[in-house]
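*Asks:* Please put together the full structure from these sequences, using the hints given.
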Amino acid sequence: RKTIQCLAPQQAYETLGVFLAPDGNYDAWFEKMRKAVTFWIDGLRTGKISRDEVWLALQSTILRTLYYPLPAMRLSKAQCKAIMAPLLQYSLPALGICHNFPRQLVFAPYEYMGLNFLHLHTLQEIARLKDLIFHTFNDTLMGLLYRSSTELLLLELGCSLDYLTPSLIALL
3 RKTIQCLAPQ QAYETLGVFL APDGNYDAWF EKMRKAVTFW IDGLRTGKIS RDEVWLALQS
63 TILRTLYYPL PAMRLSKAQC KAIMAPLLQY SLPALGICHN FPRQLVFAPY EYMGLNFLHL
123 HTLQEIARLK DLIFHTFNDT LMGLLYRSST ELLLLELGCS LDYLTPSLIA LL
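With the sequence shown counted from 1, adding 2 to any position gets you this note's numbering.
Think of the hints as simulated: they come from the structure by calculation, not from any bench. All of these numbers come straight from a predicted model, not from anything done at the bench. By construction, the Cβ of each residue, glycine as well, lies at the ideal position given by its N, Cα and C atoms. There are no misleading hints in this set.
Using 30 Å as the maximum straight-line C-alpha spacing, the simulated DSS-like pairs for lysine-lysine come out as follows:
hint, residue 1, residue 2
1, Lys132, Lys83
2, Lys50, Lys83
3, Lys34, Lys4
4, Lys37, Lys79
5, Lys83, Lys37
6, Lys34, Lys132
7, Lys37, Lys50
8, Lys34, Lys79
9, Lys34, Lys83
10, Lys34, Lys50
Simulated DEER-style distance windows between Cβ atoms:
hint, residue 1, residue 2, range
11, Gln106, Val20, 28 to 36 Å
12, Ala10, Cys100, 38 to 46 Å
13, Tyr69, Thr17, 19 to 27 Å
14, Leu22, Arg53, 34 to 42 Å
15, Arg149, Glu55, 42 to 50 Å
*Replies:* Shown next, in the form of structure tokens:
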């Protein structure tokens with residue numbers, strides 16, 4: 003026989019691999035991601051692998067772990083930076099790159115002589131936009147919710163345009 007556990011509104015509970023808090027905070031997810039980065043860094047510091055293997059491990063393990071939950075989260079830019087900072091601090095020297103390498107170049111694409119790291123906050127927003135576009139134009143239930151929210155926003159702003167009219171689409 004199971005009992006229902008009473009939690010405070012700010013306390014998250016893990017269900018189906020996602021931490022959900024009634025007040026909408028992502029502090030538990032943030033801490034879980036920080037611990038995953040710390041655990042990975044400890045393995046990097048104690049292990050002896052080549053630079054190529056560090057790059058492969060970085061791209062195929064920890065970054066995938068960090069990228070996976072992003073569409074369901076709403077982390078601030080500061081939180082994303084706090085997650086990425088220790089990862090870059092220890093992985094860049096393991097790759098043979100100075101840990102003070104300019105972050106603009108770390109996150110720049112190869113075409114601009116960058117390292118092509120993808121920032122968590124940028125990926126989170128891209129995933130959100132992809133979901134918005136996909137669901138809006140494929141008539142899913144989520145798309146209907148997006149449309150109704152947009153229509154309510156237009157009403158609040160005092161706009162009388164239907165956002166699916168050709169004239170508005172042409173402006174975009």
